[in-house]
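Work out the full structure: start from the sequences and follow the hints.
Protein chains: 2
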Amino acid sequence: MFSNALIKEFKAIVGKQNVLQKEADRQAYAYDAAVLDPVVPAMAVCPTTSEELGKVVRLCNENGIPLTPRGSGTNLSGGTIPEKKGIVLLTNALNKIIEINAQDLYAVIQPGVVTAQFAAEVARHGLFYPPDPGSMAVSTLGGNVAENAGGLRGLKYGVTKDYVMGVDFFDVTGELVKSGSRTVKCVTGLNLSALQVASEGILGVFNEIVLKLVPPPAANKAMMAVFDDIDKASETVAAIIAAHIVPCTLEILDNSTIKYVEDYTRAGMPVTAQAILLIEVDGHPAQVAEEAEKVVSICKTAGAVDVQAARDEAERNKLWEARRAALPALARARPTTVLEDATVPRSQIPAMIRAINEIAKKHRLEVGTFGHAGDGNLHPTILCDKRDTREFERVEQAVDEIFDVALSLKGTLSGEHGIGLAKAKWLEKETSAATIAYARALKTAVDPKGILNPGKIIGG
Amino acid sequence: MFSNALIKEFKAIVGKQNVLQKEADRQAYAYDAAVLDPVVPAMAVCPTTSEELGKVVRLCNENGIPLTPRGSGTNLSGGTIPEKKGIVLLTNALNKIIEINAQDLYAVIQPGVVTAQFAAEVARHGLFYPPDPGSMAVSTLGGNVAENAGGLRGLKYGVTKDYVMGVDFFDVTGELVKSGSRTVKCVTGLNLSALQVASEGILGVFNEIVLKLVPPPAANKAMMAVFDDIDKASETVAAIIAAHIVPCTLEILDNSTIKYVEDYTRAGMPVTAQAILLIEVDGHPAQVAEEAEKVVSICKTAGAVDVQAARDEAERNKLWEARRAALPALARARPTTVLEDATVPRSQIPAMIRAINEIAKKHRLEVGTFGHAGDGNLHPTILCDKRDTREFERVEQAVDEIFDVALSLKGTLSGEHGIGLAKAKWLEKETSAATIAYARALKTAVDPKGILNPGKIIGG
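Protein sequence lines, in the order shown, are assigned to chains A and B. What the first sequence shows, in the working numbering, is residues 930 to 1389, in sequence order. What the second sequence shows, in the working numbering, is residues 930 to 1389, in sequence order.
All clues stand as given, with none of them false.
Same chains, same names: a pair is fine if it fits in one copy or spans any two.
Below, simulated DSSO-like cross-link-like pairs (lysine-lysine); rule was C-alpha separation at most 27 Å, straight line:
1. K1141 x K1358
2. K1141 x K1339
3. K1339 x K1025
4. K1223 x K1141
5. K984 x K1358
6. K1315 x K1354
7. K1247 x K1188
8. K1014 x K951
9. K1290 x K1315
10. K1161 x K1339
11. K984 x K1025
12. K1358 x K1315
Calculated directly from the structure, the hints in this document are not laboratory data. These numbers come from a predicted model, not from an experiment.
Take a look at the structure:
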């Protein structure tokens, strides 16, 4: 597709072995974790240094070649689906942890560092990097920043954006833009780092990222509360927050999810329960003890039929493994798993869950709902088969209606999965035509040829 | 300066009484808290509703009239110095607290709400809004967001940007752009809210802001540690952080500042001390007790000659009043007070303080240094007389050198005071030509006529 001369230029920058043109390679980068049709790119390029990265970007811009940066491709919104005539720009070889500064509580990393490996390395320095997206075992930090990845600890610790102190990135011409700082406070210039977060690669290509670290909590306590009525479970969530307890994690699983998880893990989940809350508090040992006691009491008052606290690390791990099994367990049930991300102010969780179940019933769909109840971020997961076009039409109608309800409850389309290609068409409903025009004006200003991950978020 | 027809149009939008054309009014809005020459605007306009605000912006754009949004004008970088042929857009009448949602831990406000009044109202709802810039008694939240205001609690609680969940703003044509959400997590569209934070009014005019609230800490403990050597004080800061204690406030005052504060307040400060640290820990009572004990022990080990803990709220207030008196006390000494904002990674505080003192000596200037040692944000304050041109040249050289040292220590030009007009010329030194070009491209894209607070941050 590209001229031999052009391919030679790519090879001159990154080396022959890092220009991937084989059919199998191209196929491998044609899709991500979203339920969307694959698009096979012209080739994939894998720079191994900052310098090479900048040069690849410049070469693409000079030749009008669309580029899609990609870490591990775990995003759920099509953020890394490439263009047919474009390249996939792999960041996986840019995987150095450049600095972990325990005195000043920050780290500097390249975008291809794997999240879990980074978190482990930070822990070895006696510190804590809280963001824990579901895919952290394989996801890259560059991808986390590009998608503003969330996770289970969002309620207390926030999401990726809350840990980004600075981003140095290549503009479309391959020049280095510097934003943010290694300091806690920085107001030098426009907040370009924050604009890069959640920008899904449409505004620049990350070179180095400065991430905030925090001291780890001294203690934690995980609990499971079992309910025979999902309303009682969701009202418990509101009662915990009203008591001024901010758990680090506060998750909900509905009956359908519980059954699939038990079938998958045989972990001994109560399959007749209508809902389970998994709750963890952390912090100073005295605070943890006190808050755990209060949580148990709130759960019981709200009508939990059973409340169990993990007695040791093994029991705690078992609870969280069950939670992390929710998506893979549901995904086994049918050929297609449409994982949604509707998010509402947490007090609206009871209303949102009721609405999801009504919509599922109306469209004769099986939906398992689980998610981060504490921050209002639910993952209604529709189990279906995309090849059954009539069923899939009903799925699309259901998704539409789920979004409508979320917005009517003052919520948002996407809590943590991004807009990508999958949700771009709904964006105006939540914002306004002027909002999209404003975003498009910014995009066009910094990428006049439109080569940076085209089509994501704002279309075009 | 404006035609009668145009003035009539402004009056038709906001009412006659809200178009301020008198000389005294115009003079009142010619300056802010920065040491810069005043610029008298053509007039000031004071909309009282969102609708009026949007219409004023549109009218300005249609007629190419520069507009400078202004709350209380307390910023220290010239961010609200208007254009001679422009208007000042007063936000003070847009001062409604639209919603405080205790269940979902957020508030929705208009930009003209005064920070301290908002914090007090939030406290009445049993919640906590942590950002506490020095000027909070009069500053507006719109101004805080535009400048990304910091304060004394930055170390543990972050700064204004960490509390902005959403910003609805008027684009230059007067259309409403919506960004962010009332939910903890939101990745719907580009993060335009975060871009508005610290943008000093050059990218849009705020309409409504959604702010995050948190439960208040259950207990706190304030302490004062006295040192006969400033190096020991700054090393104590590093030792506290290394012990994984994150105080909510960790302030330093040098000898010069202590003397001026004592002269001003007669609070009984130890005037022979070379440095004082003011430290407050907060959180669960057991944690506070334990951390306070550790802090006392760390201070003593590091060589503090005296450590006192506030025994009650009155003693605690006395400590913080002394700290808050630092700037007014220094400002009494000489006609001009050049308050700087150099910020370094906290481990570099000893080096930064030594450098400031050397620079002061070299240029024969009196400098009092105080600030947020815990987050590396120092306020070296040069006491001088701007009318003494030879002295002021030395001041400018000293400021240059202070910035050079901060950057060489991997710090930043401005921790919390903004760039405005005052520091625009240093911006490229910290970032790069490409960074400024990128920011200018964004600005031009959303404000083609350049009417939104011209000249701030990126010049032009």
